[in-house]
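The task is simple: from the sequences and hints, build the whole structure.
Chains as they are written, first to last, in my numbering: chain A, 58 to 496; chain B, 821 to 1072.
Treat the hints with care, as some may be off.
Looking from chain B toward chain A, a few residues come up when the C-beta cut is under 7 angstroms (computed) [unchecked claim]: (1) 841; (2) 843; (3) 851; (4) 854; (5) 870; (6) 900; (7) 970; (8) 1018; (9) 1019; (10) 1040; (11) 1054; (12) 1059.
FRET-style restraints, in silico, Cβ to Cβ [what the hints assert, rightly or not]: (13) 931(B) / 278(A): 36 to 46 angstroms; (14) 394(A) / 931(B): 42 to 52 angstroms; (15) 1044(B) / 394(A): 28 to 38 angstroms; (16) 936(B) / 172(A): 54 to 64 angstroms.
By construction, these hints were calculated from the structure, which means they are not laboratory data. Beta carbons: idealized from backbone N, C-alpha and C, even for Gly.
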Amino acid sequence: MAVTEPARLSKRGFVTSVRYAPAILLGRAVRVLARWRKPGGGSAIPGVVVNRIAPGFLATTLNGFPLGLVIVTGSSGKSTTTKMLVAVLRAHGLTVFTNQSTANISQGLTSALLERVSLSGQIAGDVAVLEMDEGHGAFIAGSLTPRVVALTNVMVDQIDRFHDSEMVAVLLGKIAARATETVVLNADDRYLTDLGSSLDSTVGVARYGVTAEVLGQYPRGLGYAETAANRLPTGTGLQLTRVVGRDATVEFGADSHSIRLPARGIHYAVDALTALSTAQATLGDGFDPTIACAALSAMPAVFGRGEVVTVGGKTIEFVLVQNPSSFQLNVDSLEDGTEQILVIIGSDVRDPSYFWPVDTSRLDHVLIASGLKAHDIALQLAYDNVRVDCIEPDVPTALDAFLALPDPTSGVKTIIFSADGMRRTRAHLRLVSNAEDPV
Amino acid sequence: MTATLPGRPFTVISLLPRLLNTNGDAGNARVLAQRIRWSGHDAQVVDVHSRADLPEQVDAVSIGSGTDAALIPARDALRTLVEELRVWSNSGVPILAVGTGWELLSWGIDLSDGTVLEGLGLVAGQAVPRKTRATDDIIIISKYGRLIGFENHARDYVGAEASPLGRVLYGSGNGTRSSGPQIEGLIMGEVFCTHLHGPVLARNPALADHLLRAAFSRHGLEYARGVRADSADATAQAARNEVAVRLGQNAE
Ligand SMILES: [Zn+2]
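Printed below as a string of structure tokens:
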């Protein structure tokens, strides 16, 4: 299939209004001042200024891309999915405006747009792809009109903020209701299938899911708050038909393609499936599965998400656990016979019982438990019959001791960490994360 | 000494772990069973989702905490077990209920929309809405020593004043009272109710051992803490001390 030139993709019209020119100029001036006062900092401040003097700027600009706006949201996997989707769209020749999710999405986005926009309000780009938090529904409600909204899943993962799956589903429903063309959703997630059947009939629904065979490999399920009773019937959406290590196979109706995932684990395979389904909805006839799968396979591993790095000649695999479901999936997909494991659970896990739904017994032997919650995670490991040799709350000390050990006879040195543990590890080992897409 | 039960392991049941395990409190059943094994006896955890899963003999009961969306299905499922729960509580079988699991055993739950969800009426008192969710570490003084956990609840509890689990040193517990000390939890015989997550029995093995002594004494056996509990209990103490010191209390 020929790749559609971005220039020939349907023109939705650039934003041509010049009424924002004064706001743009002022925002840029503030940006220069903010950087002058604090090098590298102050990126959100110009956004505050522009949003105050020209409140329509953000929405008008985001809605104005020729191929429209695509929003990726859900409990888990939205960040990886967004990066995958951007890679697939760029491989199709599109210029993509994208963001990194921040707490203050409106100011952060405005600042990012200011860097790119011309004084006439025009921005070079074919499509905008935004990652959004469940809680950002209110922000987009009155203003944004996404062409495509992709929903990853509903997981019980942020117990302090969103206590109920129902509440998460309602928040996602508010975002999905803004879609003008297609809602892409995970058909294995019961809350999302329900949400899909309650959508306005003017909006198309694109479903993706795993086969019964793939699901059968995970007796504990895929971590969704509730798994849908039935699998997606063949031919009604993109299907994940196989996952082995980093290799996955996706069925696109008639033909199937294989992908080399950026990290091992079923959740990365499902993220890839979500990204492919969303790219298809965004590109329509211009979507080419061969290009898409090649782009996904060429992605570098994401830092802290199953990435393998070499530090001082030692090979280490990093495993980031963000919630009980990802912890369980990571434990279950750990290579057999991994004999050197360091676990770092930091201050970000406020309630230590949070991880107790996870059965950690498969770890069998952990060399060091570290982080502010070192004792709490060691306690859980002890009750799961996992031997813990040493508890060292100080992360740098634990890392140095762990790296100083000779290479394991089987498996690689494996560090399982929470987000806080990851930050401390990265700082101590002076590792820079993979270059994120500049916004 | 190892006198053991005639031909069967000690049986700890975990009630409704699919509905009532949002904060990992079903882990309390795992803690009890492990400590029984560490003391030299066989033990098993039986997950009970409905009456059909009930084992013939029950030596201890753990009820966890769930989301508000699960309140009605959990209450309805617990109702089918109300006779058993009554028999167990009257015959000294230790029962631990945490968070919404506790609220469901009460007279009822006042919901924020003004309606009342009727509870099982096994323990005195009821849950009432609080202004903001209590989400923080909590430290209490009890008969079983200083207990430290994490609380995460949107409702206070009234009517437990006659027999609380302890007095609050730090945190919200059952809620602010107009007079008297701030209290946390409820005890009725060997029924223990609390807001403490952690899970509470892993963080506070003294309370776990109290429940185990109760379970053992019903069979004329004496519970003795196993040697393997030593390192776990030292780890638990260090975990408690981390919280205590951070909140300006003494280390143990
Ligand atoms: Zn709770």
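Comparing the hints with the structure gives:
no. : hint                                 : verdict
1   : 841                                  : holds (6 angstroms)
2   : 843                                  : holds (5 angstroms)
3   : 851                                  : holds (6 angstroms)
4   : 854                                  : holds (5 angstroms)
5   : 870                                  : violated (18 angstroms)
6   : 900                                  : violated (22 angstroms)
7   : 970                                  : holds (4 angstroms)
8   : 1018                                 : holds (5 angstroms)
9   : 1019                                 : holds (5 angstroms)
10  : 1040                                 : violated (28 angstroms)
11  : 1054                                 : violated (9 angstroms)
12  : 1059                                 : holds (4 angstroms)
13  : 931(B) / 278(A): 36 to 46 angstroms  : violated (30 angstroms)
14  : 394(A) / 931(B): 42 to 52 angstroms  : holds (51 angstroms)
15  : 1044(B) / 394(A): 28 to 38 angstroms : holds (37 angstroms)
16  : 936(B) / 172(A): 54 to 64 angstroms  : holds (55 angstroms)
Going down the numbered hints, you'll see the structure goes against 5, 6, 10, 11 and 13, while the others check out.
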